Amino acid sequence: MPMPAMTRRRLVALVGATALTAVTTGCNAEGSGPAAEYPTGTIQIMAPAAAGGGWDLTARSIQQGLTEGGLVEETVEVYNVEGAAGTLGLSQLVTKNSGDAHQLMVTGLVMIGGVVTNASDVTLEMVTPIATLTAEQEVVVVPADSEYETLEDLMAAAVSDPESVTWGGGSAGGTDQILVGMLAQAAGADPQAMKYIPYSGGGESKAALLSGDLTAAVSGVSEYKDLVAAGDVRVLATSGAEGVDAGEGKPSPTIMEAGFDVELMNWRGIVAPPGLSDADRDAVIALIDELHASDEWQRILEQQGWDDFYKSGDDAAAYFASENERITEVLREIGLAA
Amino acid sequence: MSASESPARPEAPRDGAPARHPVGPRVFAGVLFVSGGGLFWYAFTESGDDPITLDSPHLAPLVVTGLWTVLAAVLLVKSLVRPDEAPPADPETDAGETDPADVRWLTPALLAVALVGYVLLLPTVGFLITTTVFFFAAAVILGSRRWWRDGVIAVVLSTAVYFAFTRLLDIFLPSGVLPI
Amino acid sequence: MSILDGLLDGFATVLSPENLLFAAIGVTVGTFVGVLPGIGPALTIALLLPVTFSMDSPTGAFIMFAGIYYGAMYGGSTTSILLNTPGESASVATAIEGHQMALRGRAKTALATSAIGSFVAGTLSTLALTLFAVPLASLAVNFQASDYFALAVLAMLSVTALVGRSLLRGLLSLAVGLFIGLVGLDELTGQARFTFGTLELFEGIGVTLVIVGLFAVGETLHVAGRLRHLPDHIAPLDPGGRRVGWMSRADLSRSWRPWLRGTAVGFPFGALPAGGADIPTFLSYMWEKRLSKHRKEFGKGAVEGVAGPEAANNAAFSGVLIPLLTLGIPTSATAAVMLASFQVFNVQPGPQLFEKSSALVWALIASLYVGNVMLLLLNLPLIRLWVQVLKIPRPPLYAGILVFATIGVYAVSGSVFQVLLAYGVGVLGLFMRMYRFPIAPVILGAILGPMMEIQFRRALLISNNDLSVFVTRPLTVTLLALAVVAVVLPFLPKWIARLRGRSRDRLAFGEDD
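In order, the protein sequence lines correspond to chains H, D and B. Per the UniProt record's numbering, the first sequence starts with residue 1, numbered consecutively. Per the UniProt record's numbering, the second sequence starts with residue 1, numbered consecutively. Per the UniProt record's numbering, the third sequence starts with residue 1, numbered consecutively.
Because the hints were derived from the structure by calculation, they are not lab data. Keep in mind it's a predicted model, so treat the numbers as computed, not measured. It is possible that some hints are incorrect.
If you only want the chain D side, here are some residues facing chain H, beta carbon under 10 Å, derived [unchecked claim]:
#1 166
#2 170
#3 173
Quick list of the computed label-pair ranges, beta carbon to beta carbon [as the list claims (entries may be wrong)]:
#4 B:417 - H:274: 49 to 59 Å
#5 B:11 - H:315: 47 to 57 Å
#6 D:74 - B:377: 47 to 57 Å
#7 B:373 - H:121: 32 to 42 Å
Don't be surprised by glycine CBs; every beta carbon is placed ideally from N, CA and C.
This is chain H alone, in the form it adopts within the complex (with noise of 0.2 Å):
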């Protein structure tokens, strides 16, 4: 019978945990101390929406790395808050968790999109920025019989006649669509006037680009690394600092070195509630710090193909607030924020 046992060894933890918990506090009120007595319970990371999505993913990868990497012994759970692209989870963080420094919410570029289209009275800046932790490079393609040879040709078109050019991608107001209207700015067009026609999931503009509905798609490079690699399609430009291979089996040029000023990662980070010490910030900090420096989690991101994204504590802070104020700015622009 193992259950038993089990039970008995986690009321052994938990009286543990009540006992260390005691002298953390101590600690904390003295002001001192590296706080390597985080975590003293069950860790939960919440991904803000239902299971199987790519927040759900990272939630769980966390947890891997954490538990599987030995640097907790305390359970790490993940539980899913769906809903209204990750905004429903960001209010149950900030109102029911306040403090709690064993309740951690993965986040990204999308909640922000979400959290403007949806007109939340709950938003990023209200929460305790802990880490971005992973990215994906956008990238613009066309089909390959496509007459766009490259992104200023695409451009060129959708500036002079923006009903001649349909853009595809992702759900409205999310991180396709933000840089549809970011190229737009920069082109000098009016990003309302761009022809963007959201789909539900990458495959669906996929089959869209192929069979002549649009005239380019927007998507996350991994997304389209196949149909490139084929032949089938033809990459105009990635959306990163640096270009990345989005398939050609080089890396293929920026939207920067095609002359228009945009840079977007789609960024995945973690978060805890408002409210929290500073040591307490610190410890989960410092956890997550160490968490990404592990061979685990360098596993991870190479299983997954993730690019490491990294930024802790307050180069996250300043990271996530220049975020917002941007990407509220964009979808203001294109119409989707009030």
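Using the hints, position chains D and B against chain H.
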């Protein structure tokens, strides 16, 4: 919409002729008509001042709720004018032919109450306790009188599911007040 | 990759011990839930969805799901024959003749012709799927928004034309389903529709939730209201205690043609976007009745009346996989939850599926062959075991279904609101069942409605609001013309019109022309 409907609908009158005219179908048709109309009105207000063009997101809601309301109105009129024309049996659902008037509403009503209590308490009280209690209660409501058997199944099922989900499958279930 | 290479690779994947285990689990669970009255394959897959989240590769999960789908059909016919409670409308035809056979002491023959017929049809139709899926997928690459819209119209109209006995009730069910599909943020503009100011409704009402609500909660509440009326007499396998054989030579010679004809009807109807298994099973039943030399036996236990519809039922499943895999269009409740589970693993069914996830698809197809063999072995020799399953007492069974429905929704969404929403859908389902509204149109409306609307508006946006896009593309025009045919067709020949006949009694016992 449907959640607010009370399952405890009055039983059909059983005295003489009206027994052949169960009131339930007419009430249901009425409820469908009213809710369809309400939703149509909601869709109308939701569209605000936007013009209703073919590519507008407000067209489909108006069409669907409009269709709903009209169909429900026809059904309501039919059930009022010719109440004894019973709806034809549907093999999909009617294995044992039951006269709607012969249904006991108390059992489903109690089950519905038990369900709502179950899920409301689930996050705070925890999976193990609520599931054990709910399973037992549901079995009793459904007419079981074998207390011991159901009690044992309730405990074994909830414990097995809890540990299988949380330990083997990494699916979160609330532990609630129990120190597990 | 050629079809043969793909299929061989698929077999190599499936025949690994791990995947064989998944297949075995799938067919066993499937048969189990198929035998249990009130639980169908759609509900089972919906409830098992959370269990697959921790699986590393989707292949095992899909092999298991396909096994569940097939297994539930085998199990469902057992219940129809022995207990006369068809679990889904596609088993109704089997129940008519099969139960009559069982009452006359020929239960084992009915079970045998149904199991072997399912095996024959399953294998032949999987062969057809193997041959046609890739060519159809390469055709589907050219489908544009206007074509998808026309397909959705075709599907919707054919479903509506055959919704069942009461057109009015069927259309109302459809309207309710269409409404459910509208709730949430509009996919194209991001505007809220029917969200009533709740953030919880922004992502809409998932098909899985609707299925759990209607099939688990609604069904249980419905049963709860009439527990005393449930049939509980199980027809004996060996009447009078003496052992009887499975099939005589005469039974076999009366069965094999219906098996083949059933397959021929089932597969294409399943493959149509208006698919599902209900229509082909009834068509097969009518067909067998017309052709049979023993027409007088129909209604009193004719073996052809079991063999044909059962074959059609299983053949339709492989057919349903064609629009699901090549176009991403689910045409039945089970296909809809399978689509949802594909998306959980970030696999998008559609024209690219055979290129991008060829290993997965071929493994899935190969598992259908394997699963059919397993099911034949599992069902006939072990029939006594499944009869025991029929004896599980109802109160704990339905209490358990409610528990799994609740945690199924809660574990995926983490939201009490979503669970309450599922209960609400269940209460609606209770009243709909009570007052004899068909349930299937609700689900089809919720699936096809959004597709029809979104593709219509997409096509308009892409063409810069030029309506002529719907009449200038040959493919679109062809599909729309087919849709018109689908509406008119049932009114032409009398025997198809009888499908929409007034009552099951007439279908079963009426004097046929």
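Evaluation of the provided hints:
| no. | hint | verdict |
| --- | --- | --- |
| 1 | 166 | holds (8 Å) |
| 2 | 170 | holds (7 Å) |
| 3 | 173 | holds (9 Å) |
| 4 | B:417 - H:274: 49 to 59 Å | violated (23 Å) |
| 5 | B:11 - H:315: 47 to 57 Å | holds (52 Å) |
| 6 | D:74 - B:377: 47 to 57 Å | holds (52 Å) |
| 7 | B:373 - H:121: 32 to 42 Å | violated (58 Å) |
Comparing the model with each earlier hint shows violations of hints 4, 7; every other hint is respected.
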